[in-house]
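Asks: If you want the building blocks of each chain, they are given just below.
Number of protein chains: 2
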Amino acid sequence: MKLDYFFKPLGVAVVGASNDQEKIGRQVLDNIINSGYRGQIYPINLEEKKIAGLLAFSSLDKIPTKKFSSVLVVIAIPAKFVVAEIEKCGRLGIKNIIIISSGFKEIGADGLIREQEVLALADKYHLNILGPNCLGFINNVSRLNASFGSTGSASGRIALLSQSGAIGSAVSDWLKGRNLNLGYFISLGNKMVLDENDFLPYLAADKNTEAIIIYLEDIKDGQKFMELVSRISAKKPVIVLKAGMSERGSEIAKSHTGALAGGSAAVKAGLERSGAVIAESLEDLFGILLLLQAKATRNGVSNSLQILTNAGGLAVLSADEVSRQGLVLSDSHDIYGDADAIRYEESLSKLLKQPSLDSILVLLTPQTSTEPLKTAEAIVKLSKKYPKRLILVSFLGGEAVQKAVELMFESDLPIFDYPEQALRAIKKLSGWKVINKELTPFKKSTATPKSTSLDYLSLFKLLKQYRIPVVKTIRYGSNDPISYPVVLKAVGPDFLHKTDKKAVILNLKNRLELEKAAAGVYRSNKRIMQNEQNYLIVQPQITDSLEIILGFKRDRSFGPILLIGLGGIYAEIFKEFKLTVADLNQKKANELISSLPFYPILAGARGKKKYNIEQLVDVLISFSRLAAEHPEIAEFDINPLFIKEKESLAGDVRAII
Amino acid sequence: MKLDYFFKPLGVAVVGASNDQEKIGRQVLDNIINSGYRGQIYPINLEEKKIAGLLAFSSLDKIPTKKFSSVLVVIAIPAKFVVAEIEKCGRLGIKNIIIISSGFKEIGADGLIREQEVLALADKYHLNILGPNCLGFINNVSRLNASFGSTGSASGRIALLSQSGAIGSAVSDWLKGRNLNLGYFISLGNKMVLDENDFLPYLAADKNTEAIIIYLEDIKDGQKFMELVSRISAKKPVIVLKAGMSERGSEIAKSHTGALAGGSAAVKAGLERSGAVIAESLEDLFGILLLLQAKATRNGVSNSLQILTNAGGLAVLSADEVSRQGLVLSDSHDIYGDADAIRYEESLSKLLKQPSLDSILVLLTPQTSTEPLKTAEAIVKLSKKYPKRLILVSFLGGEAVQKAVELMFESDLPIFDYPEQALRAIKKLSGWKVINKELTPFKKSTATPKSTSLDYLSLFKLLKQYRIPVVKTIRYGSNDPISYPVVLKAVGPDFLHKTDKKAVILNLKNRLELEKAAAGVYRSNKRIMQNEQNYLIVQPQITDSLEIILGFKRDRSFGPILLIGLGGIYAEIFKEFKLTVADLNQKKANELISSLPFYPILAGARGKKKYNIEQLVDVLISFSRLAAEHPEIAEFDINPLFIKEKESLAGDVRAII
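Protein sequence lines, in the order shown, are assigned to chains A and B. Each residue of the first sequence is one higher than the one before, counting from 0 in numbering that gives the first Met the number 0. Each residue of the second sequence is one higher than the one before, counting from 0 in numbering that gives the first Met the number 0.
No lab work stands behind these hints, which were simulated from the structure alone. Accuracy of the hints is not assured; some may be wrong.
All copies of an identical chain are treated as equivalent in the list; a pair is satisfied when it fits inside any one copy or across any two copies.
Subject to a maximum C-alpha distance of 25 Å in a straight line, what follows is the list of computed BS3-like cross-link-like pairs (lysine-lysine) [claimed, not checked]: (1) Lys-65 <-> Lys-471; (2) Lys-175 <-> Lys-402; (3) Lys-219 <-> Lys-643; (4) Lys-607 <-> Lys-501; (5) Lys-175 <-> Lys-219.
Go ahead and model the full structure; you've got the sequences and the hints to work with.
Replies: Right, dumping it as structure tokens:
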């Protein structure tokens, strides 16, 4: 999908332009004119001849262009008229459209039908449509504000994609007061045709854009999203604020935009895999935006920092936050309560001359000899002299520091309300720097469904095909040799919850005990056992092993998500599961294992026995390959996976197609 | 300690008052005069006759008063002259003194000596001394600003105690812009004589004070602090920001004020026990202060709330934070992006008419039809009409909402930068409401040290005295009967880390095996075993039990802190320890047990066996009584405490005096 004519059209037509200043179409037209757009502007109105000093046209087919494909059409008319306009666009060869109008799927059944009609036309004519139910977009880079409700600004280095027009407006309004400007603001609305995945490649390639901010309520194609973001993240930070991560939040999100939020655990795993910087809240997002204001962040953000302060207490509180965030405080300089601007300047200057790569957080509280304004001037001056050093500032207080803070807003310095906010932002972006270096691009799986049987022994066979060791498992009554003690299990579609039906009998010491146990199971499950799909299997009793759970669940959007955690009773108690996107390689499998809370046990804590981690890595990689290559399997659990000193092997399996 | 003449003296003398405007003594004098203080003011200066229009005196003994005990003396002269002045105060019968001067223990050895000299005089003459190295205090209630560096303000309902003058100044400056005034600001400085514990009773009794804010870097007498705060918390919230809770932070705190921060785990347990509202950061503290601005918080803060918003996205993000904070979102009202002031007013009015006790969070983003200023006016009007309802506000954005926000600053409404900040503040104060109802006052222990032997069998005897069941334990070689299999252990001062010396031999099935094992231990520890304090004991092997660790460690400041957690290998892996002040009663022991991460195991998760929780409660209470009654024991660990179905019993002990 080429978006060049979308963002830089040779002409823009506004369907719904009007001489009534209150109409949205008119506001869009005014924004286009006022933004300094240099192409042709075509107001479309059935009756008016002139609008806002421009010649108006009664219909899109009347506009004087030889190349409809180079024209962007903005539609701001009641929803019921939109379908006809889209049909007209299609016939004329217009490709790029913004539907500002609301009244689509967000209003329920009627709107959904209308949206589907538009979607069918979009498919038929290959249309790029932004919206419906959106604010449009602002391109400050090539000066085109094709939106309503938000004025443009000077061009900046940040692109903002927002699924909520209101959040987008709030963010862009907030940025204005802070010398922080957007290059692009794109209001995604209902994401009927174009969504985040369509804009990401454009913004990735755009040289003006140094960071991409995305507010999302749902992610329809998580795999594509990971594929794109994992590549972009190597070059520029992609910051994502995903709303609806809690149950209650996702409930409200559904009723709000009709967004079908995926399982939030899967979304979280997917965002982590993508290498995005994950903002947890608006506050987080604003903090990151402030930090991005500093041009020095282009070179990455170090996770170690120094503090310069006139208040020891602030240094202590900041050190506490440094520790909470897992950052490194390489040095803390208390220049005492009577520090004036000169002492600040001299001390900061000395720090900036150090060859180190630390960020520097300058803190100030207003005390008797404090000169907030002069100190601010000195900091601004030094930040210009050392453009590659990352200086962050937080002046605590109210009236006494207000002018100083406002002065610094005019510069590129990131000014934070509280030191804690600065430190959290450093943490977030320093994480990106690491990812930047080491992230493997995600590749969306293209495997086709196979006909996999859910039969118990077949699943064991499937695992063996992937070279995942399994506990020797024979059908009861077969002549395969097995060594006692053994476990007897009833398996099959009616025994999915084996323990409930007392269909697992442990520790059978000889043939006699085994036969007695089998007879017992047959007796108490007479009806069920008549179904041939239910049968008995025998396994050697495994002792002296660590039991874990290894499974995956396929998310509609992000694909198979791997789960690994402690098994047995501790599984339910500690709920210490790790979830991760199932595309493990050697490196990622190793990282996953080291991040497990019970890793010390695997590695042989306190001189206890050590487990074969290398082989476990192989099992994880194979299992994640199985997940990728079998899209027909919705869920697959190995529970327990017995971890023994020499190898890990599957003890029991369960799958859902 | 009576502080009436301290806060409301009949006269104030300023030692170090001067006609030099730059001198701190002069600034203090000006502050006293400007604050509208109605008592006598005595500038003290060796040479000057008149200062700031007031008659000056060459020495404290020259001031015309008949009651030196009613005079407050503020000392702002170089440190080296301070001792002589204090001596003079003592002789004259002056009791109430502020030492503003720095140059005491915070500068190292020389200062420490000077501080000890002053302290000796304070003891001799029973002096109330605030400082040294402090800003003084501001009493806005009876209009006396006896501080330097901070101007007073209208009187408010909040008292601020701060161990850092700089943090105190920043907070009080920040408050000024927000119609939030302090009743008292007390800068604690080095806390040589008066510390937080001395001021708390005064502020608790003061009717004007509705909430107490404390910034601390150390708490010298944690037990007294708990005793006071656990009582005050029943009536007014005490909000504590304790700096230096991380290792790095506490290191910096030490070098900053010479504060010897207690173990931060003990401080945390102590603050929790005290019922204080614990602010984790400055940001947290400011959020709580904002919320306290609403008079409706007097009636307590509910943990359930409703949201009113013109942006669905904000509702979703807020619901996410509600869920993170464990609050209850009882309803969320999206009045849509085109909501004007009238729609806000009507909707809010409807919500306020509901009889419910929910807090209401009003959110707004600037969109096309939004009227921020008029909406703000409507909210202010309604908040006055419903003074008992707690309304919180967050207008997102910058320029577009600035005037509206400023308008609301003039009211009692708490205005937050982000919805998340409002929700965190609700969480903090709603916790206080609960405590308010149910907190048992803490009582400082007055037990005297006993002569407790650390001998292994004596410790078992001590436990038995407290009716804590122990595993049968006999001396090897004695004739007491014991049933096999048994465990053989070498105990005594040289076997504190038994496993290292291979001095625990498990699962000895008969007398022969036991004797062989004992011989082995003697052989490999020949030298050590010659010490009579080292000997061998025999215990029956305990199987089929859950192993936990129960211990206490005595904190210098907060007294014995109880630790309970999972034993065995899981102890080290999950580090799921709970720490609590060791003054358990039935209720608190039950709460502690239910809060344990492995509580589901104790309670019989998934139809597994249930343990005797009632008896475990008794064990915990007895053990905490032992801790209180034996102040000579610094540390005591029962590890493992075997939890069996019928009872819990101590398997091994270790103590340090």
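Asks: Next, verify each hint and record whether it holds.
Replies: Quick rundown of the hints versus the structure:
{"no.": "1", "hint": "Lys-65 <-> Lys-471", "verdict": "neither (74 Å within a copy, 100 Å between copies)"}
{"no.": "2", "hint": "Lys-175 <-> Lys-402", "verdict": "both (17 Å within a copy, 15 Å between copies)"}
{"no.": "3", "hint": "Lys-219 <-> Lys-643", "verdict": "neither (41 Å within a copy, 52 Å between copies)"}
{"no.": "4", "hint": "Lys-607 <-> Lys-501", "verdict": "between (34 Å within a copy, 14 Å between copies)"}
{"no.": "5", "hint": "Lys-175 <-> Lys-219", "verdict": "neither (31 Å within a copy, 48 Å between copies)"}
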